[in-house]
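Peer 1: Chain Z is fixed; fit chain V onto it per the hints.
2 protein chains.
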Amino acid sequence: MSPAREIRLNAFDMACVGHIQHGMWTHPSDQSSGYTSLDRWVSLARLLERGMFDGLFLADIIGVYDVFGGTPAAALRSAAQIPLIDPLALVPAMAHATTHLSFGVTCNLAYEPPYLFARRMATLDHLTQGRIGWNIVTGALDSAARAMGFAQQMAHDDRYDFAEEFMRVVYALWEGGWKDDAVVRDRAGGVYTDPAKVRAIHHAGKQFRLDAVPLWEPSPQRTPVLYQAGASTRGRIFAARHAECVFVYGGNLPETTRLTADLRRRAGTRPLRIFPLASVVTGRTESEARDRLDEYRHHASMEGVLAHGSASLGVDLDRFGMDEPVDASASQAIQSNIEALAAALGPGWTKRNFIDNAILGGRQAPIVGSPSQVADTMQRWMAEADVDGFNLSRTVMPECLADFIELIVPVLQDRGVYKTAYRPGTYRQKLFGAGDRLPDGHPAAAERWVDRASGQ
Amino acid sequence: MSPAREIRLNAFDMACVGHIQHGMWTHPSDQSSGYTSLDRWVSLARLLERGMFDGLFLADIIGVYDVFGGTPAAALRSAAQIPLIDPLALVPAMAHATTHLSFGVTCNLAYEPPYLFARRMATLDHLTQGRIGWNIVTGALDSAARAMGFAQQMAHDDRYDFAEEFMRVVYALWEGGWKDDAVVRDRAGGVYTDPAKVRAIHHAGKQFRLDAVPLWEPSPQRTPVLYQAGASTRGRIFAARHAECVFVYGGNLPETTRLTADLRRRAGTRPLRIFPLASVVTGRTESEARDRLDEYRHHASMEGVLAHGSASLGVDLDRFGMDEPVDASASQAIQSNIEALAAALGPGWTKRNFIDNAILGGRQAPIVGSPSQVADTMQRWMAEADVDGFNLSRTVMPECLADFIELIVPVLQDRGVYKTAYRPGTYRQKLFGAGDRLPDGHPAAAERWVDRASGQ
Numbered sequence: 005m006s007p008a009r010e011i012r013l014n015a016f017d018m019a020c021v022g023h024i025q026h027g028m029w030t031h032p033s034d035q036s037s038g039y040t041s042l043d044r045w046v047s048l049a050r051l052l053e054r055g056m057f058d059g060l061f062l063a064d065i066i067g068v069y070d071v072f073g074g075t076p077a078a079a080l081r082s083a084a085q086i087p088l089i090d091p092l093a094l095v096p097a098m099a100h101a102t103t104h105l106s107f108g109v110t111c112n113l114a115y116e117p118p119y120l121f122a123r124r125m126a127t128l129d130h131l132t133q134g135r136i137g138w139n140i141v142t143g144a145l146d147s148a149a150r151a152m153g154f155a156q157q158m159a160h161d162d163r164y165d166f167a168e169e170f171m172r173v174v175y176a177l178w179e180g181g182w183k184d185d186a187v188v189r190d191r192a193g194g195v196y197t198d199p200a201k202v203r204a205i206h207h208a209g210k211q212f213r214l215d216a217v218p219l220w221e222p223s224p225q226r227t228p229v230l231y232q233a234g235a236s237t238r239g240r241i242f243a244a245r246h247a248e249c250v251f252v253y254g255g256n257l258p259e260t261t262r263l264t265a266d267l268r269r270r271a272g273t274r275p276l277r278i279f280p281l282a283s284v285v286t287g288r289t290e291s292e293a294r295d296r297l298d299e300y301r302h303h304a305s306m307e308g309v310l311a312h313g314s315a316s317l318g319v320d321l322d323r324f325g326m327d328e329p330v331d332a333s334a335s336q337a338i339q340s341n342i343e344a345l346a347a348a349l350g351p352g353w354t355k356r357n358f359i360d361n362a363i364l365g366g367r368q369a370p371i372v373g374s375p376s377q378v379a380d381t382m383q384r385w386m387a388e389a390d391v392d393g394f395n396l397s398r399t400v401m402p403e404c405l406a407d408f409i410e411l412i413v414p415v416l417q418d419r420g421v422y423k424t425a426y427r428p429g430t431y432r433q434k435l436f437g438a439g440d441r442l443p444d445g446h447p448a449a450a451e452r453w454v455d456r457a458s459g460q
Numbered sequence: 005m006s007p008a009r010e011i012r013l014n015a016f017d018m019a020c021v022g023h024i025q026h027g028m029w030t031h032p033s034d035q036s037s038g039y040t041s042l043d044r045w046v047s048l049a050r051l052l053e054r055g056m057f058d059g060l061f062l063a064d065i066i067g068v069y070d071v072f073g074g075t076p077a078a079a080l081r082s083a084a085q086i087p088l089i090d091p092l093a094l095v096p097a098m099a100h101a102t103t104h105l106s107f108g109v110t111c112n113l114a115y116e117p118p119y120l121f122a123r124r125m126a127t128l129d130h131l132t133q134g135r136i137g138w139n140i141v142t143g144a145l146d147s148a149a150r151a152m153g154f155a156q157q158m159a160h161d162d163r164y165d166f167a168e169e170f171m172r173v174v175y176a177l178w179e180g181g182w183k184d185d186a187v188v189r190d191r192a193g194g195v196y197t198d199p200a201k202v203r204a205i206h207h208a209g210k211q212f213r214l215d216a217v218p219l220w221e222p223s224p225q226r227t228p229v230l231y232q233a234g235a236s237t238r239g240r241i242f243a244a245r246h247a248e249c250v251f252v253y254g255g256n257l258p259e260t261t262r263l264t265a266d267l268r269r270r271a272g273t274r275p276l277r278i279f280p281l282a283s284v285v286t287g288r289t290e291s292e293a294r295d296r297l298d299e300y301r302h303h304a305s306m307e308g309v310l311a312h313g314s315a316s317l318g319v320d321l322d323r324f325g326m327d328e329p330v331d332a333s334a335s336q337a338i339q340s341n342i343e344a345l346a347a348a349l350g351p352g353w354t355k356r357n358f359i360d361n362a363i364l365g366g367r368q369a370p371i372v373g374s375p376s377q378v379a380d381t382m383q384r385w386m387a388e389a390d391v392d393g394f395n396l397s398r399t400v401m402p403e404c405l406a407d408f409i410e411l412i413v414p415v416l417q418d419r420g421v422y423k424t425a426y427r428p429g430t431y432r433q434k435l436f437g438a439g440d441r442l443p444d445g446h447p448a449a450a451e452r453w454v455d456r457a458s459g460q
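Here the protein sequences come in this chain order: Z and V.
Numbered by this note's numbering, the letters in the first sequence go through residues 5 to 460 in order.
Numbered by this note's numbering, the letters in the second sequence go through residues 5 to 460 in order.
So here's chain Z without its partners, still in its complex pose:
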């Protein structure tokens, strides 16, 4: 690893009050309850662009956390990802207020009609001028399935089979319906689009049937930048095939190193940008940072931790005694969460271990220290775990990001590991330094327009 490897940063956020570090909204400085205000999101986007963050990564979940105690009461009280609004709607206002910041938005493909979903993402690719990414998730909650009219969610591996077919359909819609030069905009001749260069997409598969001309003209990236976050074995196979960026939740450095190595091995020569979750608490000095951690810890919500954790693990933690090993083997929930937790807490982990680990109301210990200490830790992760940057989880908002940008970004810049200006172009160009479009070997490329008659 070169010591000068660039650190890329996303702010990891969600259109809700309590995201990962539960209870922080109760801190007097926290503004998370303003999540329905466009002014707040636009301010955040401008702050991130000042700090030259690569992206704002927005989580989403369909369904409420009702596994703990069998009710959503704990999630509601602690605002653990409920209330929650649609993250896609935040993007246009933030995109209009910024020039370079990109947006990675989580959408669960399990319940989206592919034609409408493809138009929605293509619309955002147009409106952001190519600054949109999609975090592909396949869903993990029975409560979501019930919201959509099913008795329970699909089994874990079936979700990935479904996802493979969904991806094929949306790739064809994004890449295959309009030839690159279909739009001519000839005012004098009265021809906007050459009909010979537009075709219907036909698909008759197990889950979807479709016979339709995509309504939208080609957008800058065609297919949005593809993120993926499922780190189970099946999830890693999917990520290695489809994803350009992977959001890994390893729990600790050794587990993250293992996940990253496995992902890179599976992806072969295809470059992946890999971002682990990180949560940073800093100050001008280590002592200031420790004081701040203590202050924040005072606001952590154990009820939020248990509500969120039970749902993420698919295990009702209310049924276990504090020192009883928690058995998650039968869960159909996100496998990577279960694996990462076992790696972080050790085999036979108990509810007490789980709670003790949730220092700030989340499931991973924060990086705490002076700016140079935090920079050291980030550089160590870059080198040892072979990651490309971090998805920075929020604590008290927006001061956690304002502090990071004021105190840590200059240190990283001084060390030559952080950009001092944005690269030009689309999100994909900024990430990989190449073109706007997915490379030829990607499965999306197989769905591209091919001239039928002439074979050009």
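Keep in mind that the hints are not guaranteed to be accurate.
Short derived list, chain V residues pointing at chain Z, Cβ under 7 angstroms [stated by the list, open to error]:
#1 Pro76
#2 Arg81
#3 Pro87
#4 Pro96
#5 Pro117
#6 Tyr196
#7 Leu214
#8 Val217
Chain Z residues, not near chain V, derived (Cβ > 12 angstroms throughout) [as the list claims (entries may be wrong)]:
#9 Glu10
#10 Met56
#11 Ala159
#12 Tyr164
#13 Ala265
#14 Gln339
#15 Ala369
Bear in mind the hints are in silico, worked out from the structure with no lab data behind them.
Glycine residues also receive a C-beta, built at the ideal position from the N, C-alpha and C atoms.
Peer 2: Frame of chain Z; chain V shown alone:
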């Protein structure tokens, strides 16, 4: 009718190049091909707010116009509503740049999962601070059905049965899941939401099954302002039951008068705001307006008229000779279009009649004249047809709206029939002068939270 009755105005637009007046994009001043630019939409919103328009009404269609000649070629060449992006994504950026302008957005309920759709609209109600309306459409194109995996669309009346059930589900999600005072935001006590005031919505119907807690907290209007535009008999029954605003396409003054009277009779004491389609071409003098009409007519696209018309009528006009009566009796398309056209062109109308009527590339003759002449015509429609204002169709953009605001709005204000300042509050408050919420007699009110135990 009082002569001082206020005229309300919406700009009628669509996230595409060619909307109603086909071919106008070929005019050298026209900026419609900038429909993917957020800057353009934000400029439009600011222009409309300067002109104190009540709303921007955005059309949408899922599917391509492929009835004419059995292919989408004519629609593609003339850009007749293709390419077309998702209108909902335009709203947040425009809302952030304005304070009072409201947004009425068309969404076809036939293919939207109700839970996700309800969250999307509630999100926009939050982000716009209560300035969102939904134009309820049930779809009319076989090409849309094929995009969604069906062989053809539902029969006309079945679509309304489906719509009735869809409405019941989304009303329950918007109105019934969270009690008004469920959100307490108690930082000291660590309680964001009182779980006793949130409940799951249960629905087991013919089309939908659902058992879910709405994810979002109550938004300013809860249910968006409801628009409807179906003017067939079944459509009018639906509108009289659900709609607060109706967009009527009568074709001419007598037919509009008849439709409006019927709608008001069916709605009984419930107030409806009724907006006919109008297209205005003006200038400082009548002669300037006539010159401008001639100039615009030069750009009208008959190919666009026939592509759009064939799809809207569900009849391939390519199969008819110029002077052959067009038989639309077997069509499953939008009934009101067929009825309005027959009213405007007379029984036994031919393709020649249809084309001759499409002066600017649309299906309704424009209002042409000096500012005072246009104001006279608008006031005559207000009085005779008993309408509440107009949905102004665009011609050459944005000059058609800039002209209207510069020349006609001051005349209407001088006559005391146009506001000189916005009313405060949400879209619903501005429209009806009452509260933010739907009134008690509305079907949505039946889905509201009722305390079970105490009967409060």
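Peer 1: If a hint holds in the structure, say so; if it doesn't, say that too.
Peer 2: Against the structure, the hints:
With a least beta-carbon distance of about 6 angstroms to chain Z, the hint placing Pro76/V at the interface is held under the 7 angstroms criterion. The criterion of a C-beta within 7 angstroms of any C-beta in chain Z is met by Arg81/V, whose closest approach is roughly 5 angstroms, and the hint holds. Given the 7 angstroms rule on beta carbons, the hint for Pro87/V holds: about 4 angstroms separates it from the nearest Cβ of chain Z. Using the Cβ-Cβ criterion of 7 angstroms, the hint placing Pro96/V at the interface with chain Z is satisfied: the shortest such distance is roughly 4 angstroms.
At about 6 angstroms, the closest approach between the beta carbon of Pro117/V and any beta carbon in chain Z falls short of 7 angstroms, and the interface hint on this residue holds. Hint on Tyr196/V holds. Least Cβ distance to chain Z is approximately 4 angstroms, under the 7 angstroms limit. Taking 7 angstroms as the C-beta cut-off, the interface hint given for Leu214/V holds, the closest approach to chain Z being about 6 angstroms. A distance limit of 7 angstroms between C-beta atoms decides the matter here; for Val217/V the minimum to chain Z is near 5 angstroms, and the interface restraint holds.
A cut-off of 12 angstroms between C-beta atoms confirms that Glu10/Z is not in contact with chain V; the least separation is 29 angstroms. Listed as outside the interface, Met56/Z is consistent with that label: its C-beta sits roughly 22 angstroms from the nearest C-beta of chain V, beyond the 12 angstroms cut-off. At roughly 20 angstroms, the least C-beta separation between Ala159/Z and chain V is larger than 12 angstroms, which holds for a residue marked as non-interface. No beta-carbon of chain V comes within 12 angstroms of the beta-carbon of Tyr164/Z; the shortest separation is about 21 angstroms.
Look at Ala265/Z: its CB is around 37 angstroms from the nearest CB on chain V, clear of 12 angstroms, so calling it non-interface holds up. Look at Gln339/Z: its CB is around 24 angstroms from the nearest CB on chain V, clear of 12 angstroms, so calling it non-interface holds up. With 12 angstroms as the threshold on Cβ separation, the claim that Ala369/Z sits away from chain V holds: the shortest Cβ distance comes to roughly 22 angstroms.
Taken one by one, the earlier hints all hold for this structure without exception.
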